[in-house]
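Q: Sequence:
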Amino acid sequence: MKPADFLILMMCCLFWGVNFSFGAWAVSDHSIPPLFLAATRSVFVLLVTAPFLLKARPAAFKRLLIVCTCVGPLHLGFLYTGLQTADASASSIVAQMMIPFATVLSVIFLKERVGLIRSLGITGALIGVIIMVYDPDSVGVNMGLILIVGAYMALAVGSIVMKTVGTVDWRQYVAWMALTVFITMSIGSAAFETGQIEAARTATWPLLATAVFAGLCVSIFAHGQYFKLLQSYDVSVVVPLTLMVPVFATLAGVLFRGETVGISVIIGAALILPCVWIIARRQNTPILLEDQ
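Going by the numbering used here, the sequence shown opens with residue 83, and the numbers climb by one from there.
The calculated label-pair distances, taken between Cβ atoms and stated as ranges, are:
id, residue 1, residue 2, range
1, Thr276, Ile349, 41 to 47 Å
2, Asp111, Lys84, 36 to 42 Å
3, Leu355, Lys144, 36 to 42 Å
4, Ala142, Met93, 24 to 30 Å
List time: in silico EDC-like cross-link candidates among lysine to aspartate or glutamate, alpha-carbon distance up to 20 Å:
id, residue 1, residue 2
5, Lys245, Asp316
6, Lys84, Asp316
7, Lys310, Glu194
8, Lys137, Asp251
9, Lys245, Glu194
10, Lys245, Asp87
11, Lys310, Asp87
12, Lys310, Asp251
13, Lys193, Asp316
14, Lys144, Asp251
Just so you know, these hints were derived from the structure itself, not from any lab.
Positions of the beta carbon are idealized from the N, C-alpha and C atoms, including for glycine.
Input sequences plus hints: build the corresponding full structure.
A: Here's what the structure looks like:
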């Protein structure tokens, strides 16, 4: 992976990590309805990307809509609903299930090869994640964490389908994802949630801050660049590098939510960083496929 692309992906991980704290702050601390938050977030994305909805639709438009549905309403609906009850740091651990999900799917459906060195790097980084943030007193199996697993399973499926969409302007992808989120989340919020007006009135600042950050930094920049990188590199190269998300999520928890950092966090981060570098530096193994 090119150094510039690696830095871009690290920026994506930073924004995703911080978004855990922002999301928990909004839906848990201020009781903002999660689907309403997702719909509000999509409004700010559409304000920037709406002109790209007018561009000619790509040839694989139906597959693009599948990607938008997985990465948009399915992922965000499960994520924000899960963050109502799941701790942000615990959620960042569970989110790493996306890596084995996506890696297995890429081997099965895309015929990618992971290789021994990259497999060891992924394993080492996963161990680092466990060491860094595992706390038997606070991390347990609850419905919130199950929903977080669902969120990142949807993101893994979307990552695989992205590879089959072909060449699409990432801004067009983000625009259609935002429109998909706005329609589905608005309907879902109206049907299943209450207190939206009260939340907008009493928690205006948390709602707007979270929606603007998630819309501009996460949806437009992070998801847009992530889509672009998946068009250039194997899923098994890009996805494992998102192991940096819990590192940034933990730091955000310290800065914004007053969480403490123990020796396990330091050891885990020290293990993750070199493993991420190994994953990024390792070259792909070419595979010759018959024409289909």
